[in-house]
Amino acid sequence: MSGEEVLVCGAGITSFARTEASGRQLAVQAVRAALADAGLPWSRVRAAYGGSDAAGNADTLVAELGLTGVPFTNVRNGCATGGSALVAATNAIRSGAADVALAVGFDKHPRGAFDPRPADWGLDEAYGHDGLMVTTQFFAMKIQRYMHDHGISARTLAMVAEKAYANGVLTPHAWRRKPLDAAEILASGLVNDPLTRYMFCSPGQGAVTLILCNRAVARELAGTPITLRAAAVRTRRFGSFEVFSPWAPTGTPTSVSADAAQAAFEEAGLGPGDIDVCQLQDTESGAEVMHLAECGFCEHGEQESLIPYGATRIDGSLPVNTDGGCIANGEPIGASGLRQVYEVVQQLRGRAGERQVSDEPSTGFTHVYGAPGVSACTVLTR
Amino acid sequence: MEGPLTAQPESGGRLHGSRCADCAVATYPAGPACPRCGGEAEPVELSGTGTLWTWTVQRYAPKSPPYVPPAAGFTPFTVGYVELPEGVRVLAALDIRPEDAEIGMPVTLAAGTGVPRGHRSVV
Chain A
1 MSGEEVLVCG AGITSFARTE ASGRQLAVQA VRAALADAGL PWSRVRAAYG
51 GSDAAGNADT LVAELGLTGV PFTNVRNGCA TGGSALVAAT NAIRSGAADV
101 ALAVGFDKHP RGAFDPRPAD WGLDEAYGHD GLMVTTQFFA MKIQRYMHDH
151 GISARTLAMV AEKAYANGVL TPHAWRRKPL DAAEILASGL VNDPLTRYMF
201 CSPGQGAVTL ILCNRAVARE LAGTPITLRA AAVRTRRFGS FEVFSPWAPT
251 GTPTSVSADA AQAAFEEAGL GPGDIDVCQL QDTESGAEVM HLAECGFCEH
301 GEQESLIPYG ATRIDGSLPV NTDGGCIANG EPIGASGLRQ VYEVVQQLRG
351 RAGERQVSDE PSTGFTHVYG APGVSACTVL TR
Chain B
1 MEGPLTAQPE SGGRLHGSRC ADCAVATYPA GPACPRCGGE AEPVELSGTG
51 TLWTWTVQRY APKSPPYVPP AAGFTPFTVG YVELPEGVRV LAALDIRPED
101 AEIGMPVTLA AGTGVPRGHR SVV
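Protein sequence lines, in the order shown, are assigned to chains A and B. Just so we're aligned: 24 in UniProt numbering is position 24 of the first sequence, and the numbers increase by one with no gaps anywhere. Just so we're aligned: 115 in UniProt numbering is position 115 of the second sequence, and the numbers increase by one with no gaps anywhere.
For the record, the hints were derived by calculation from the structure and aren't laboratory data. All clues stand as given, with none of them false.
Residues from chain A shown here face chain B by an in silico Cβ test under 10 Å; the list is partial: (1) G112; (2) P118; (3) D124; (4) D130; (5) M133; (6) K142; (7) I143; (8) L195; (9) P246; (10) A248.
Small disclaimer: the values here were computed from a predicted structure and weren't measured. Just so it is clear, CB atoms sit at the ideal spot from N, CA and C, and this is done for glycine as well.
Using the sequences and the hints, build the whole thing.
Right under this line is the structure:
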């Protein structure tokens, strides 16, 4: 890694539960929380990046935050919105263009599944008319094949969701805070076979802000800065199997998540075996299972001998989605990627409250995946 | 395998895809360029029969718009990717009951007025 060291000196999050608040109001709240956490005023921010998928432009937040003239760039990059904003903020620090930079992600979606327009994705209208523009179908078909190829059981899918709800109980800002056991999850009704209702996250609302700075600024601040060792975004290569694909080539699919994770690990000079706490995109149970292997934390199929035995629980050998992930927090598209980083930052600072991983974790990893084949990963260390 | 017993839906007919002249990558629907090498792609008629690579059931009514439910109202339907010999897996609505769907089963694919439609091959 070249250039200035990049540190996270402030992190702010709103509740991810449904309220009357607008996405922009949540964003302002998260920015103020992050600035207070860092002990810096808004006027000290030298570069800002952010966005939402469905709740407006981030640069309009200056009306509430203060008209300081700060360069504020809107980012709209689907599920990688937060990750892309963070990469931009990281580059601003690394290059020396700014000594304090901010990344904000926020969103608010209507209830129910997403209803994308075929034309926005370069597809014929027939895919919408005939009911094939449904994100949940893709995730179901991907895990269906994965279970066939790698011997993953439906019970393991239920265990992933059971863990998510258990962690949600311990997370004050989570949306779903009631425990559900594997039997209830399996019996909650098929949505898209083999996935049941309680294995899915739901579109929701929330906002997260991270304040980044260089080492010189961090020295003047109280608190424990966390080093952002790597932040990488990748788009799909030929041969991948993605949401909203009328076709895919044959053979073993390539994975954009694997590409982004590998890039992040290379940039950080660390590997999956070095990571103490981890956040993986879990838009549904199957995604967490597959992303564990795609990001390099186990072999394909090995999940079946890890998840049922508690390896990914808070007290396990590799805690995954300690805040309950998307399943317990919902999916506000623009906010999810930064929620993951927020959670790892709190874990590495030892400030994760009841959900704190013991033995002072010192390394963390985050991963998001989204349509039409984009992934963002980070590596953080204390 | 096509033969006298191979039922073709009324709207049927082969799917029209494209194939790269250089690297032989086939795509559906047809496109002007190869997604792998960027080379020029030529139209190709895809095979009518393949095997089911993966599947699921749409058990809730998708949001309308864009979804247009049948006149009789929404009922759950099966969807899947059908792998064809040209090296392409095609997303299709399947006239196959969920309890009959199985990875690897033979499926006949046909072009219709909407998305490709598949049904169990008669063998």
